[in-house]
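Trainee: These two chains come separately, so use the hints to put the complex back together.
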Amino acid sequence: MDRIVFEGLGKRYGKHWALRGVNTRFAQGEIVMVIGPNGSGKTTLLKCLLGLVRSTEGAITVNGNIIGTDPAYRAGVGYMPQYAEFPRELTVDQLLRMMTDIRDARSGSTDDRLIAHLGVDALLDKRISALSGGMRQKVSAVLAFRYRPNILVLDEPTAGLDPVSANKLLDAVMRAKRDGATVLITSHIMEEVQRLGDRVAYLEDGRLRFALPPETITDVTGEKSLAVALPKYLAQLPAHHVEGL
Amino acid sequence: MWKVYKYTLLDLVRNKFAMGYALMMLAVSAGLFLLEPDNTKALITLTQVMLALTPLLALVFTIIWFYNQYEFTVLLAVQPLHRGAITRAQYAAVSTALLGSFLFGAGLPIVAWAPGPIGWTLLLTGAALTFVFCAIGLWIAVGQRDRAKAVGIGLVAWVVMVLVWDALLLWIMYGFSDYPIEPLIVPLAALNPIDLSRILIMLKIDLAALLGYSGAVYEKFFGTFGGMAVSLLALLLWSLLPAWAAVRAFVRKDL
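Protein chains in written order, with the working numbering: chain A, 1 to 245; chain B, 1 to 255.
Isolated chain B, as found in the complex (with noise of 0.2 Å):
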């Protein structure tokens, strides 16, 4: 697996999309600092940024680069190596590659220019992010033999998450807001990476005080210890749990 590793992430690391990621990244970060005077208001705009981009770019980027692979992926499904390998050290290698991109991009003016608690949370969940949503996509492109169709998916998929799924509970909270359902938000919250995410980060800006009861809810499970280890294991099994499957389909697939 190691080998394989090895030699695509040092294709990875010249790939301009990644290149231009990291680039992006530094430049919307250090714009933001340079922009805004107060630092804590500059993190909040950039952890919207992040929070929508980094799943968004990991997915698709993922999808098409496995595609683009896929006559080289055939050609290591020849050589005496288990299917499961191949995936893992591809998996292993895209996230890698982005996750170099986002810490040089976001970390470097993080660490410049507001470093302390809210800084390492974003980075942390960013780095999450991109391994969950790198996970996902690929699980998309091995399920699916047409490379649009797979696009499609995940950009419905990054929709509903970013989203959708945030409306949902707005519904859910404001029509029901007569019944004692908050403790029901925090687990559909917790089933979607990019809502805990921006929990774990709103929890360290301390604006889950503007939220009123709901942000009190949220405070009270993840502002605990417990809570944040319960929520950064809901983010490890968000990585697992596609990457698995996306392993388990190639293994199983015709190609």
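For reference, chain A alone in the conformation it holds in the complex (with noise of 0.2 Å):
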């Protein structure tokens, strides 16, 4: 089943159109690594996703209702930011209270394995200031998951984190995705998008070229590594080819 549909979305900003024309369906239980050069256009199609930018042109289709003014969908959505920033004063315990308060999350609703898994635990006491960036991405991390999103979109998740937290992070994507979440990964490391992907969405000049399972792009350049494929495909690829649904 589709989780989301994007159609003929497009995004202008003044004369510029960061996205244009992106036409592709996202099913449940899917790991989506959507990469591409800076300024092709990721953080825009996210943002759209997430609501945070308004589309010019197209729509977005979320569990089979088009997205638009109501917000209510964006509770089965979970986001974690490249940069977490949150109130520095409050504990780490009060930031918690806070998501779950404005969720309207019953207890015993959240999935609290990561809390533990990735130390955050340790942390319920401290104040947001008194933390590093890293322990700030884990707690962004907790608060992704921690509503048991049917969406999950994961902006660059293990820039910051060290190698054995980034490990348990991508552990908790994987059980996401058996849980049926549909997951949106930008990542610019090639071994963890071949790893994790179901498929590759790449985006140029705001155009979406393909979205295939890394092993197609694999398997037509006859290269192991996703890394040493990626440019061979491009290579290969009709110059307007764009994605179609």
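Note that these hints are calculated values from the structure, not bench results. Just so you know, even glycine gets a beta-carbon here, dropped at the ideal spot from N, CA and C. Treat the hints with care, as some may be off.
To be verified - Only pairs whose alpha carbons sit at most 30 Å apart, straight line, appear in this in silico DSSO-like list of lysine-lysine: (1) B:16 with A:126; (2) B:3 with B:16; (3) A:224 with A:177; (4) B:253 with A:15; (5) B:253 with B:3; (6) A:126 with B:3; (7) B:6 with A:126.
As the list claims (entries may be wrong) - Partner residues are not named here, just some residues of chain A that face chain B (Cβ under 8 Å, in silico): (8) 50; (9) 72; (10) 81; (11) 83; (12) 86; (13) 90; (14) 94.
Mentor: Structure follows, in structure tokens:
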């Protein structure tokens, strides 16, 4: 079943089109790695889905409903930004309670496994101002996964995390996938993209060039590594090829 | 809205700037009452300090706070919340925190040394100016992507209201002194919340008599119950309109 459908999605800033004619659909239980050069439109695509940016044209359908100004659909969305900033004078526990209150989540309905896995339980009484960047990333990861989202949007999730915590986070991503969540991840780490992604969505100049399983790209080019295969695949792709629905 | 307000306020009451503002106002107010034996004179000096500092600090703090909170505000906008509720909650929380600092810093010495109509009017107008300039600060911050530019606009707005507007009024009053323009000065003064606050306190101290005919014009209008009601309504509008504009701009903004 399609969880997210982008139909003719476009976003223009002034005269510049940051996104143009994006058509694709993502299924439930699918991990999509969103990649592309800097300024290719990855962040804009995710922001359109999150309702942070209004599209200039086209539509996004989530769970069968076109998203508009009603924020209700975001109850099923978990988001982990690249840089996590929180109110500095709150404790981690107060921050978690704030988000639980905002989401009207009942006690027992939250998934608190990541709190222990990432060692956030030892930080609960600490103020945000006392946390390092990596610790804040862990808190951010906990918030993204805690409310059992059916859509997870993770922007460079392992950046700033130590390798052990990064692996635990990626395990949590796989668990969310098994539970039926659709996961969109931006990453520049090709090993991560190849290891996690059911599909790789490649954006360039605001256009979605393709959304394919990583093994399709490696098979076509005869390369084992996606990092090597991707430039070769792009070179043989027709210049104006874009993904269609 | 109240959930965001509650936790934002909890964060703000521990904010070092808000605490510093409270302690600074306490030191200034207590110092004035201790050094000046005449409490009315101390209140006049405190009025001048309050009219300059309260708008400036509310404006600059709100702008800087909004930018410092920007990433978290984006995270809030991804929650199942209406954007308008986020901005309304943030405005209410910042205003409440700074109001608390002002009332603690200026209110305690006034209650201790000079309780009475002048002191209450000073506290009332200080509270109103806190709400007004937090709203203006939020409006500026939401509308600008560049923090430095936003602070610059805020400072220009403050200079205009605290200095330039007065100079303009004086120039009009002296330049056109041969014409009956004093009635025009009343609505012009009401267009500036700092002037409006100054007039309200001045009338309680009865300094209007020193200002001659224009003072009499102010007294004739603002000294009445209707005039007081109009001036408080004007201050309320000065809070509500920029706050409404900030909410509207945030709802439409690409984050």
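Trainee: Does each hint hold? Answer for all of them.
Mentor: Going through the hints against the structure:
For the hint pairing residue 16 (chain B) with residue 126 (chain A), the CA-to-CA distance comes to about 17 Å; that is within 30 Å, so the pair holds. Between residue 3 (chain B) and residue 16 (chain B), the direct Cα distance comes to roughly 23 Å. Compliance with the 30 Å bound is thereby established for this hinted pair. The straight-line distance between the Cα atoms of residue 224 (chain A) and residue 177 (chain A) is roughly 24 Å, inside the 30 Å bound, and the hint therefore holds. Only pairs whose Cα atoms come within 30 Å are accepted, and residue 253 (chain B) paired with residue 15 (chain A) is accepted, the gap being roughly 17 Å.
Proposed proximity of residue 253 (chain B) and residue 3 (chain B) is supported: the alpha carbons are some 23 Å apart, at most 30 Å. Restraint check for residue 126 (chain A) and residue 3 (chain B): satisfied, since their Cα atoms lie roughly 21 Å apart, inside the 30 Å limit. Proximity of residue 6 (chain B) to residue 126 (chain A) is assessed by CA-CA distance (about 19 Å); at most 30 Å being required, the pair is judged to hold. Evaluation of the residue 50 (chain A) hint against chain B yields a held restraint, the C-beta minimum of about 5 Å falling below 8 Å.
Annotation: interface hint on residue 72 (chain A) holds; nearest CB of chain B at approximately 6 Å, less than 8 Å. Checking residue 81 (chain A) against chain B by beta carbon gives a least distance of about 7 Å; that is within 8 Å, so the hint holds. The closest approach between the C-beta of residue 83 (chain A) and any C-beta of chain B is roughly 6 Å, which is under the 8 Å cut-off, so the hint is satisfied. The closest approach between the C-beta of residue 86 (chain A) and any C-beta of chain B is roughly 5 Å, which is under the 8 Å cut-off, so the hint is satisfied.
Hint on residue 90 (chain A) holds. Least Cβ distance to chain B is approximately 5 Å, under the 8 Å limit. Residue-level restraint check for residue 94 (chain A) holds (minimum Cβ-Cβ distance to chain B is 7 Å; threshold 8 Å).
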